[in-house]
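Protein chains in written order, with our numbering: chain A, 1 to 230; chain B, 231 to 397.
It should be emphasised that the hints constitute simulated quantities derived from the structure, not laboratory data.
Mixed in with the good hints, there may be bad ones.
What the hints assert, rightly or not - One-sided and incomplete, this derived list gives chain B residues near chain A with beta-carbon spacing under 10 Å:
no.	residue
1	232
2	237
3	243
4	260
5	264
6	281
7	331
8	336
9	358
10	360
11	364
12	367
13	378
Unchecked claim - Calculated Cβ distances over 10 Å to all of chain B for the following chain A residues:
no.	residue
14	13
15	21
16	84
17	145
18	155
19	205
Ideal Cβ positions, reconstructed from N, Cα and C, are used throughout, including at glycine.
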Amino acid sequence: MNWTCEQTELRLSDHLDGLLTATEQHEFDAHVNTCARCTPLVSSVTHALASLHTLPQIEPSPRLVYNILDKTLGPRETVTGWAAVLAWFRGMNPQRIAYGGVSFCAMFLMIASFTSFNWKKPRVADLSPVNVYRGADRQAHLVYARSTKFVSDLRVVYEIQSRLQREDQLPSGQETTTPQNSPEKNPGRTDGSGPTSPKQQNRANDLVSHAVVLAAGCPALWELWEGRIR
Amino acid sequence: MRQHNRRVFNICYRFTGNRTEAEDLTQDVFLRIYKTLASYRAAHGGFATWMTSVTRNLLIDHYRRTKRDRATDSLDDAMPVVENKESTARRPDEQALLGELSGQVQSALTKLSPELREAVILRDLQQLEYAEIQRVLAVPEGTVKSRINRGRIELARILQQMGVRPS
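Please build the complete structure, drawing on both the sequences and the hints.
In structure tokens form, the structure reads like this:
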């Protein structure tokens with residue numbers, strides 16, 4: 001079959017879209033390659049198609065969407081004043097608001113307590129950053145000092161306990177001479193079961209005096225001491 | 231609406247060559263769709279096809295309305311202003327060439343008759359299948375193929391007259 005120029009023009013789109021059969025494509029190519037009229041035609045249409053495919057997608061203006069909404073759904077009503085405030089609140093989740101409010105209040109109370117805010121005589125000046133910092137600093141130092149004192153007291157208690165235990169375990173007849181002590185130096189034991197050597201007696205006196213001083217400042221130690229004496 | 235407005239706008243822009251007219255026509259398309267949504271039937275084809283059909287009808291109506299005005303316009307007014315939206319990865323000279331070519335192609339498109347223009351836009355720019363274009367234009371498939379073929383050849387001839395030649 002002889003392919004003609006009219007056929008080339010008629011079937012040009014099929015060729016560009018790849019819709020020709022193998023036989024048709026062969027005859028088309030054979031004709032175009034040898035025809036002085038069809039060669040530039042096919043070339044120019046191919047170029048025009050390629051140029052069309054390079055056209056970019058144009059972005060509409062951002063206002064277009066809102067203009068369409070205004071035209072279809074009508075212009076949006078602008079709410080002002082208290083109605084706008086109430087509408088804003090209505091749009092929020094009440095549970096989340098309550099949870100957030102309670103969390104904020106709890107945090108505020110914790111911070112105020114930590115900074116030794118006086119709830120009985122509250123003052124606005126107490127909320128100033130300088131006073132808050134000073135209160136927090138004072139509280140932090142107090143907590144540190146009390147915890148340090150507690151730890152050192154525990155150490156002293158442990159030391160006294162261990163020494164008293166050691167004193168109890170030592171034999172009573174190591175020293176034959178009984179020291180002549182004045183009554184006021186005697187710690188108060190009248191049953192003769194106290195230490196017999198002067199060194200041990202003095203050591204015991206020191207321990208007791210230290211224990212009494214410590215017990216006066218540490219109630220837990222005082223109770224322990226009293227229990228020990230009884 | 232957000233999903234389709236870009237596509238509708240591009241069809242309107244490529245048909246009219248004018249950004250402002252394209253935006254106005256896009257609004258009219260969605261307004262028409264909003265009003266006649268109840269008349270849509272799935273048997274008529276997909277929703278996108280129906281939307282394209284509404285767009286095409288409004289474009290043809292607009293073309294006929296403004297036909298008289300176009301007869302008195304100067305040739306300079308007919309040259310559209312194409313905004314360059316190409317990727318910044320291209321070199322400036324390549325971008326300039328591309329922008330110039332895009333303007334020339336757009337100008338050539340607006341010189342086609344409306345029947346050929348809409349067929350070429352739907353096939354080569356919107357990548358619609360022949361069957362879908364047949365539903366949009368409500369003409370036989372043979373007519374669709376014929377219009378696309380003649381539109382491409384005519385476009386190539388106009389581009390050659392404008393001095394845009396294949397390398």
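For each hint, the structure was consulted:
Restraint check, residue 232 of chain B versus chain A: the minimum CB separation of about 6 Å is within 10 Å; hint holds. Nearest Cβ of chain A to the Cβ of residue 237 of chain B: about 9 Å, under the 10 Å cut. The hint holds. Interface restraint check for residue 243 of chain B: the shortest CB-CB distance to chain A comes to about 5 Å, inside 10 Å, so the restraint holds. Against a cut-off of 10 Å between C-beta atoms, the interface hint on residue 260 of chain B holds, since the closest Cβ of chain A lies about 5 Å away.
The closest approach between the C-beta of residue 264 of chain B and any C-beta of chain A is roughly 4 Å, which is under the 10 Å cut-off, so the hint is satisfied. For residue 281 of chain B, the interface hint is violated, since its Cβ never comes within 10 Å of a Cβ in chain A; the closest pair sits about 13 Å apart. A distance limit of 10 Å between C-beta atoms decides the matter here; for residue 331 of chain B the minimum to chain A is near 6 Å, and the interface restraint holds. At its closest, the beta carbon of residue 336 of chain B sits 7 Å from a beta carbon of chain A; the interface hint therefore holds under the 10 Å criterion.
The closest approach between the C-beta of residue 358 of chain B and any C-beta of chain A is roughly 12 Å, which is over the 10 Å cut-off, so the hint fails. Annotation: interface hint on residue 360 of chain B holds; nearest CB of chain A at approximately 9 Å, less than 10 Å. Taken as an interface hint, residue 364 of chain B does not check out: its beta carbon lies about 15 Å from the nearest beta carbon of chain A, beyond 10 Å. Using the Cβ-Cβ criterion of 10 Å, the hint placing residue 367 of chain B at the interface with chain A is not satisfied: the shortest such distance is roughly 16 Å.
Because the smallest distance between the Cβ of residue 378 of chain B and any Cβ of chain A comes to about 5 Å, under 10 Å, the interface hint for this residue holds. Distance check for residue 13 of chain A against chain B: the nearest CB is about 4 Å away, which does not clear 10 Å, and the non-interface claim fails. With a minimum CB-CB distance of about 16 Å to chain B, residue 21 of chain A clears the 10 Å threshold, and the non-interface call stands. A cut-off of 10 Å between C-beta atoms confirms that residue 84 of chain A is not in contact with chain B; the least separation is 26 Å.
The Cβ of residue 145 of chain A sits about 65 Å from the closest Cβ of chain B, beyond the 10 Å cut-off, so the non-interface label holds. With a least CB separation of 73 Å from chain B, residue 155 of chain A remains clear of the 10 Å interface cut-off, as annotated. With a least CB separation of 94 Å from chain B, residue 205 of chain A remains clear of the 10 Å interface cut-off, as annotated.
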